[in-house]
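These protein sequences, in sequence, are chains A and B. In this text, residue positions in the first sequence follow numbering that gives the first Met the number 0: the first is 0, and each later residue adds one. In this text, residue positions in the second sequence follow numbering that gives the first Met the number 0: the first is 0, and each later residue adds one.
Just so you know, the hints here were simulated from the structure itself, not pulled from any lab data. For glycine and all other residues, C-beta sits at the position ideal for the given N, C-alpha and C. Treat the hints with care, as some may be off.
List time: in silico DSS-like cross-link candidates among lysine-lysine, alpha-carbon distance up to 30 Å [what the hints assert, rightly or not]: (1) B/45 with A/56; (2) B/130 with B/155; (3) B/155 with B/88; (4) B/130 with B/150; (5) B/130 with A/56; (6) A/116 with A/37; (7) B/88 with B/150; (8) B/45 with B/130; (9) A/184 with B/150.
Stretch-level coverage of chain B by chain A, calculated; a stretch enters the list once three of its residues show a Cβ under 8 Å from a Cβ in chain A [claimed, not checked]: (10) 113-122; (11) 137-148.
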Amino acid sequence: MVGRIKLAGLIAALLVILLPSFTLAQDVNFSVSPAEVKIDNLPPGEAAEFELTIHNKYEAVHFFTLTIFQPPEEERREGRAEFPDDSWISLSSQEIEVSANSEANVTVTVAIPQEQKWAGEDWEIWLGVTPESSDLLAVRLYVRLLVSTSTAHKTRPNPGLVAGVVAGIILLGCGGYYYFRRKAKLE
Amino acid sequence: MKALITSIVAAIILALILALPALGEESESITITMTGVNEISISLDKTQWPLGNVATDMEYMTSPAIEWCTLTVEGNSNVNTFIVGEDAKWVDNPSAYKWTLSNDGTNGENVYGLQFRISGDTSRGYVPVTKIEGEFWPYAGDSSLAPGDTKQFGLKLLTPTYFIGDRQVQTQITISAVAA
Numbered sequence: 000m001v002g003r004i005k006l007a008g009l010i011a012a013l014l015v016i017l018l019p020s021f022t023l024a025q026d027v028n029f030s031v032s033p034a035e036v037k038i039d040n041l042p043p044g045e046a047a048e049f050e051l052t053i054h055n056k057y058e059a060v061h062f063f064t065l066t067i068f069q070p071p072e073e074e075r076r077e078g079r080a081e082f083p084d085d086s087w088i089s090l091s092s093q094e095i096e097v098s099a100n101s102e103a104n105v106t107v108t109v110a111i112p113q114e115q116k117w118a119g120e121d122w123e124i125w126l127g128v129t130p131e132s133s134d135l136l137a138v139r140l141y142v143r144l145l146v147s148t149s150t151a152h153k154t155r156p157n158p159g160l161v162a163g164v165v166a167g168i169i170l171l172g173c174g175g176y177y178y179f180r181r182k183a184k185l186e
Numbered sequence: 000m001k002a003l004i005t006s007i008v009a010a011i012i013l014a015l016i017l018a019l020p021a022l023g024e025e026s027e028s029i030t031i032t033m034t035g036v037n038e039i040s041i042s043l044d045k046t047q048w049p050l051g052n053v054a055t056d057m058e059y060m061t062s063p064a065i066e067w068c069t070l071t072v073e074g075n076s077n078v079n080t081f082i083v084g085e086d087a088k089w090v091d092n093p094s095a096y097k098w099t100l101s102n103d104g105t106n107g108e109n110v111y112g113l114q115f116r117i118s119g120d121t122s123r124g125y126v127p128v129t130k131i132e133g134e135f136w137p138y139a140g141d142s143s144l145a146p147g148d149t150k151q152f153g154l155k156l157l158t159p160t161y162f163i164g165d166r167q168v169q170t171q172i173t174i175s176a177v178a179a
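Sequences are here, hints too, so could you generate the full structure?
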C-alpha cells in the first residue's frame, strides 16, 4: 500500500522541465564590434556618439536585445569607477531585427550632465547584446565602454551675465566718452 | 573724436579679457577610440537539453556529463566568460508558478539547483549556477580565452523536493563574454 502511494506521488510529481525540443539544435553564432570603446576628454555638459555593429551569423532573421549593465568592481579595468547613472547612455534602439547573415548598427550616445563634480572622472560600464531565444542556453556579448571626462567642464554662456557684461561695457564706454569730452571742454 | 575712439577700444579690450578664457575652454577635443579592429563573439554548439518528465528530488546530468556542450571563442578578442541562471517558470502562466533557482546548487520545496562543470577543471568540479553572474572561465587567476579556444562543459539539475506536477516549466542559462 505504502509503495503504491509512493508511486502515485511520484507520478503526480512528474512534469516536464525545459521545453522538449522537436527542432534541430541550433548553434549560437553572432558577433558585436567593437569589443571595447574608449571615450576620452568628454566635458561635462557634452555628448559623444558611436556605433555598435551586430553581425547576425545565423541562417535566419534574429531579434537582438540591447541592455546596459553595471559590471562588478573586480571585472572593471584598473582605475575605473562605476558609471554614475545608466540614464546618461541612450541607444537608438533597444531591440533590433537583423536579417540572416547580415549586420545592423545601433547608435549609442553618452551625455554627461553639466556639473563640475563629473569632471576628471574615469568610468566603465558594459553594453550587452543578446539574441532573443527560448532555448535553455543563451549567449550575451558585452561591449566595454570606458568614459573619461575632461578636467574642465564646459560652461554655457549665462544670458544674464552676458547681458550684464554688455551693459557694463556700454556704460563704461559712455562714461569714458563723456569724461574725456567734458575734460576736453574744460581745457 | 579721440575720446570716443579711446572709449570704444577700452570697451573692446575689456570684452576680450572676459571672453578669452571661455573660448579657450571650448578648444579641447573629445577622443573616441574603438580599440583596434576587434570583434567579440563566442558560440555554443548546443542550446537545448530536452529532459522530458522529471521526478522530485532527483539529479539529472547532461550526457556526456562534462563534454556535453562546446563553447568556442570566435572573433578576434580574448574574452572572459560568465554564467547566470534564472528561476524556472511555468510555461502556461509564468507569473503564477515557478521553481526558484537556489544560490548554492541545493534544492528545497519549489527550489531547484543547477550546476555546471568544465571539462578539465579539476579544482572547482561542479559549480552552482546562480541568479548572480559568476565566473565561467577564467577563474582564480587563470588566463582568459583566446580566439579559437574551446571549453567543453556539462550541466547538472537537482529537482525540487516538492513541486506541483503536470506543469511544464522553462528556464534559461546565459553565458556571456566580455573583452579581456
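Mind listing which of the numbered hints don't hold for this structure, in increasing order?
9, 10 and 11
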